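Protein chains: 2
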Amino acid sequence: MSTFVDIPVGSDFPLQNLPYGVFSTANKVNRRIGVAIGEKILDLSVVATFYPEYVQNALRADVLNELMELGYDAWNDVRRITKSLLTTGSDLHQNTELQKIALINQSDAQMHLPAKIGDYTDFYSSIHHATNVGVMFRGKENALMPNWKWLPVGYHGRASSVVVSGTPINRPLGQTQPVDGADPVFGPCRLFDFELEMAFFIGGPANKLGERVTTKEAAKRVFGFVLMNDWSARDVQKWEYVPLGPFTAKNVGTSISPWVVTVAALEPFAVPNFPQDPKPFPYLQHDEVFNFDINLIVDIKPEKGTQTTVSQSNYKYLYWTALQQIAHHSVTGCNLNPGDLLASGTISGETSDSYGSMLELSWKGTRTISLGGNETRKFLQDGDEVIIRGFCNGEYRIGFGECRGKVLPTIPFEN
Amino acid sequence: MSTFVDIPVGSDFPLQNLPYGVFSTANKVNRRIGVAIGEKILDLSVVATFYPEYVQNALRADVLNELMELGYDAWNDVRRITKSLLTTGSDLHQNTELQKIALINQSDAQMHLPAKIGDYTDFYSSIHHATNVGVMFRGKENALMPNWKWLPVGYHGRASSVVVSGTPINRPLGQTQPVDGADPVFGPCRLFDFELEMAFFIGGPANKLGERVTTKEAAKRVFGFVLMNDWSARDVQKWEYVPLGPFTAKNVGTSISPWVVTVAALEPFAVPNFPQDPKPFPYLQHDEVFNFDINLIVDIKPEKGTQTTVSQSNYKYLYWTALQQIAHHSVTGCNLNPGDLLASGTISGETSDSYGSMLELSWKGTRTISLGGNETRKFLQDGDEVIIRGFCNGEYRIGFGECRGKVLPTIPFEN
Ligand SMILES: [Ca+2]
Ligand SMILES: [Ca+2]
Ligand SMILES: [Mg+2]
Ligand SMILES: [Mg+2]
Ligand code: NI
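Here the protein sequences come in this chain order: C and Z.
The opening position of the first sequence corresponds to residue 1 in the numbering used here, with each subsequent residue numbered one higher.
The opening position of the second sequence corresponds to residue 1 in the numbering used here, with each subsequent residue numbered one higher.
It is possible that part of the hints are untrue.
[Claimed, not checked] Ranges of calculated distance between the beta carbons of each label pair, as one might list FRET restraints:
{"id": "1", "chain 1": "Z", "residue 1": "I101", "chain 2": "C", "residue 2": "E39", "range": "54 to 62 Å"}
{"id": "2", "chain 1": "Z", "residue 1": "Y72", "chain 2": "C", "residue 2": "D77", "range": "58 to 66 Å"}
{"id": "3", "chain 1": "Z", "residue 1": "N30", "chain 2": "C", "residue 2": "N30", "range": "46 to 54 Å"}
{"id": "4", "chain 1": "C", "residue 1": "E211", "chain 2": "Z", "residue 2": "N30", "range": "48 to 56 Å"}
{"id": "5", "chain 1": "Z", "residue 1": "N393", "chain 2": "C", "residue 2": "P178", "range": "15 to 23 Å"}
{"id": "6", "chain 1": "Z", "residue 1": "R138", "chain 2": "C", "residue 2": "R79", "range": "47 to 55 Å"}
Simulated from the structure, these hints should not be mistaken for laboratory data.
Keep in mind that this is a model prediction, so the values were computed, not measured.
Ideal placement from N, C-alpha and C gives every residue a C-beta, glycine not left out.
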């Protein structure tokens with residue numbers, strides 16, 4: 001089976017991928033749902049009538065929430081038909097007039113947030129990241145907190161501040177305590193950082209408040225994955241986070257890539273779940289493999305410099321699976337709605353070139369990262385653009401596109 | 001000026017109050033916006049044509065978000081006209097046919113969440129509460145964390161789990177660590193608690209991500225207040241909260257009272273802001289008085305027992321004002337949307353009969369609270385109903401109605 005759409009070598013979006021996104025164009029400004037294929041977007045609002053009637057409204061919506069809510073069987077139906085529409089010899093292939101309005105150049109499209117995000121949760125599920133941070137701040141002996149291997153630690157994030165790739169982020173102002181024990185100061189964040197993460201959207205009908213989602217049911221609640229940069233004001237976080245967790249250090253903004261890659265596209269790249277010791281409680285156990293070999297790359301492009309890779313990590317390093325994250329999130333009865341976003345936490349690998357944040361790469365500012373030329377970094381500087389990419393490699397490539405964001409200078413404070 | 005609607009002695013809802021809510025009735029099941037007056041509800045969808053055209057759509061909506069977004073001047077316009085409609089001699093007074101459809105008995109109405117809550121934040125702004133918890137867990141010397149008097153500590157909560165008064169809450173299952181240093185166990189929460197809080201809804205047009213809200217601007221971003229019970233699984237919280245804050249211990253459910261009491265109604269009960277030392281940073285300073293004398297009462301009604309008051313506190317004990325909470329929330333650029341909910345944190349007074357949680361009232365389970373008869377408590381038992389009331393008292397009474405919730409037994413775990 002092959003597609004009639006041109007797929008350049010190394011494209012993130014072959015016929016096997018078919019990720020969903022929300023886009024608009026200059027001459028048609030309403031937001032609509034599309035599927036990425038090669039360098040094109042298939043506008044699902046234009047071809048909705050080719051799909052079963054029960055999904056057509058969802059395909060004509062301006063966010064993916066309705067399709068997410070329809071659930072697992074609907075996702076399979078839609079995927080099957082999208083694939084057949086894009087296959088050589090299809091009705092769409094034979095109708096060049098329809099192709100003209102249904103296939104849009106990605107370069108002509110503006111991408112938007114794929115869903116209305118009701119709630120956003122950030123986990124802390126990479127063992128190498130949690131260990132690194134622990135060693136830095138508490139020493140080797142107490143690196144992992146006692147709870148860490150018993151449950152997927154996480155916290156509620158700020159849904160309103162999630163933005164789509166390309167949105168610039170101003171360096172925040174805030175309170176920090178540069179000298180331990182001294183009075184805090186107010187001013188621009190000095191230790192501004194990225195966090196390399198992935199996140200998935202919840203799908204399926206919502207569980208009611210009080211109803212738990214089992215790990216078994218959880219497999220049908222994962223709609224698809226995006227790349228994420230959880231911008232972090234390290235110095236603000238250090239001062240504010242005791243005892244209720246990160247707050248203004250994180251609601252600066254959280255960037256996600258616009259294309260949602262489905263579990264169906266990722267399944268061929270499944271790898272064994274991370275070995276867990278101690279054995280988790282029954283509510284966290286599952287036999288199903290739900291870990292994926294997704295290469296993750298972070299580049300920094302200084303305002304006047306060349307784009308340089310600073311980290312190469314992989315989704316597979318996560319200790320806790322998405323199914324365990326869902327089961328734990330809902331164990332006390334939390335209702336999860338379609339469009340909710342659950343993030344992995346910073347994903348660091350084992351080696352120092354695979355760490356998912358400047359905090360770790362510069363080891364708390366004690367090491368210098370070279371960006372080529374004369375540019376070096378410990379944390380992010382104004383004008384730096386952070387570019388995260390992700391892809392699975394095998395007989396074909398399943399890519400995520402990019403999650404980009406540029407650091408702009410602080411907006412001065414005026415009362 | 002007086003109203004033609006009967007106002008029983010001691011009513012929470014005289015003509016000076018006029019709180020907003022969302023309700024439905026058995027014979028008209030669509031949700032609509034109403035204003036409480038005595039034992040009636042004025043159905044704003046029925047009388048919308050009496051209001052300026054620019055607010056009519058907002059008054060015909062099924063949530064308050066649109067009215068919240070219209071902003072301060074619109075709120076004043078609507079309040080003025082509602083007051084005149086309900087005043088003796090008004091068009092409504094003279095039209096008994098219209099009264100029949102516009103004035104509904106509260107006893108015939110079902111109340112719903114007043115707004116679509118995009119994001120929910122919980123602060124920790126009561127100095128007596130923070131001190132009590134600090135003394136219990138860290139001793140008198142280190143009771144308040146170093147950051148506490150410099151910024152209003154808060155965290156992002158779970159918006160989806162906010163429910164309206166009357167919704168029962170199942171005792172959650174979760175992980176706890178009954179013996180320090182030992183392995184955790186999985187089972188029903190043993191230290192289930194309420195938290196006496198108040199919360200306010202954000203109004204006004206949203207600030208964009210990156211734009212700060214000053215304390216001055218903040219005064220026009222507060223739409224109105226409700227009572228809140230932030231249900232808390234203390235033993236779950238203790239095990240899970242390090243280092244990222246409370247998570248599943250809090251997303252069990254958070255109850256709010258259905259009637260939103262506006263700042264205009266509270267203004268006559270303003271009292272001086274809590275004295276602050278050290279002087280906060282300029283971004284947190286304001287001259288405006290924004291503290292209110294609101295009596296708060298918590299009752300517990302056991303399944304087979306009499307309703308007993310366990311705490312009497314007051315909103316005025318908050319160290320940080322709502323204006324400071326808004327300014328701090330947005331200082332790193334967080335966008336605040338109409339319908340967002342910002343809660344005070346547990347409000348405890350100075351004396352042991354004014355503490356806002358069982359944790360404090362039973363002093364970590366070391367004291368017994370008598371509920372009359374043979375009933376005693378350290379934490380909540382199944383079948384207990386927690387009833388929070390709030391009111392301002394002066395020449396007249398501005399009440400909040402009730403925030404109720406009953407603890408149901410754990411739903412057993414099945415995988
Ligand atoms: Ca993070
Ligand atoms: Ca609370
Ligand atoms: Mg963030
Ligand atoms: Mg809660
Ligand atoms: Ni939220």
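Each hint tested on the structure:
{"no.": "1", "hint": "I101/Z to E39/C: 54 to 62 Å", "verdict": "holds (59 Å)"}
{"no.": "2", "hint": "Y72/Z to D77/C: 58 to 66 Å", "verdict": "violated (49 Å)"}
{"no.": "3", "hint": "N30/Z to N30/C: 46 to 54 Å", "verdict": "violated (28 Å)"}
{"no.": "4", "hint": "E211/C to N30/Z: 48 to 56 Å", "verdict": "violated (26 Å)"}
{"no.": "5", "hint": "N393/Z to P178/C: 15 to 23 Å", "verdict": "violated (48 Å)"}
{"no.": "6", "hint": "R138/Z to R79/C: 47 to 55 Å", "verdict": "holds (54 Å)"}
The earlier numbered hints that this structure contradicts are 2, 3, 4, 5.
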